[in-house]
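Just so you know, we're using our numbering here: the sequence shown kicks off at 25 and counts up by one.
Just so you know, the hints here were simulated from the structure itself, not pulled from any lab data.
No residue lacks a Cβ here, since even glycine has one placed at the ideal position from N, Cα and C.
It cannot be assumed that every hint is accurate.
Straight-line distance between alpha carbons at most 27 angstroms, and here's what the computed DSS-like set of lysine-lysine pairs gives [as the list claims (entries may be wrong)]: (1) K80 / K144; (2) K101 / K80; (3) K146 / K80.
Distance windows between CB atoms, simulated [claimed, not checked]: (4) S196 / S59: 25 to 33 angstroms; (5) M54 / E204: 54 to 62 angstroms; (6) R46 / G119: 20 to 28 angstroms.
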Amino acid sequence: MEQGVPARPDPQPRFDRQSAARYYRVLFTMLVTASFLAAVGFSFILCLALHPFLPKFSISSASVSPFNLSSTHLTAKWDIVFSVRNPNILAAGYGSVNASIIYGSTILANTFLFPFSQGKPKETSVTATLSNYVNEDTAGSLAADRAGGSIEFQVRLSSLFLTGTSFCCRVSRHMEVWCEHIPIGFSNQGAGSLSGAPRGCDVRWVPER
Numbered sequence: 025m026e027q028g029v030p031a032r033p034d035p036q037p038r039f040d041r042q043s044a045a046r047y048y049r050v051l052f053t054m055l056v057t058a059s060f061l062a063a064v065g066f067s068f069i070l071c072l073a074l075h076p077f078l079p080k081f082s083i084s085s086a087s088v089s090p091f092n093l094s095s096t097h098l099t100a101k102w103d104i105v106f107s108v109r110n111p112n113i114l115a116a117g118y119g120s121v122n123a124s125i126i127y128g129s130t131i132l133a134n135t136f137l138f139p140f141s142q143g144k145p146k147e148t149s150v151t152a153t154l155s156n157y158v159n160e161d162t163a164g165s166l167a168a169d170r171a172g173g174s175i176e177f178q179v180r181l182s183s184l185f186l187t188g189t190s191f192c193c194r195v196s197r198h199m200e201v202w203c204e205h206i207p208i209g210f211s212n213q214g215a216g217s218l219s220g221a222p223r224g225c226d227v228r229w230v231p232e233r
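Given these sequences and hints, build the entire structure.
This is how it looks when you write it as structure tokens:
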């Protein structure tokens, strides 16, 4: 009886050095690509979470000194207190801040405020002090309206708004704040103050040219 020849085992697969090097290069490239895509995706999600919102402005109080009225002009001093709320997760800054008091279509007073900043989400009070000098026609209209006990004004504020970080969602844009129909009631002594509750303001971006 013949004894069978034992079968030779299949040779084990081998990688030569060139194949191994190619394999590791491909693996390294895949890892780098995956890491890059993950970083881009994380940055995109972070930017969505940190997308900047316009701040909220309101006038919490306002006062005006008694009108100093002559036959040709009128002078007065104003103190307007803004309540400013930053709704963003990141801190915000305000620069080139300009405030104006408007009566009808006439700008009564105009002033610049110091730049200021806010932490994440935070509410801040900012005071604008203005002095006005108006001509005879406007002075006459103001005096006539004051005799009725109350005058409506508009308050305008413009500013450069800054928020975000250097690597994500950096915003540097000009905005305008319009506070309309602000009623100032006058006492018998001639001084005026905000009538009623604080008044909200409309905040909008200035279109880029």
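Contradicted hints - numbers only: Hint 6 is the one this structure does not satisfy, whereas the remaining hints hold.
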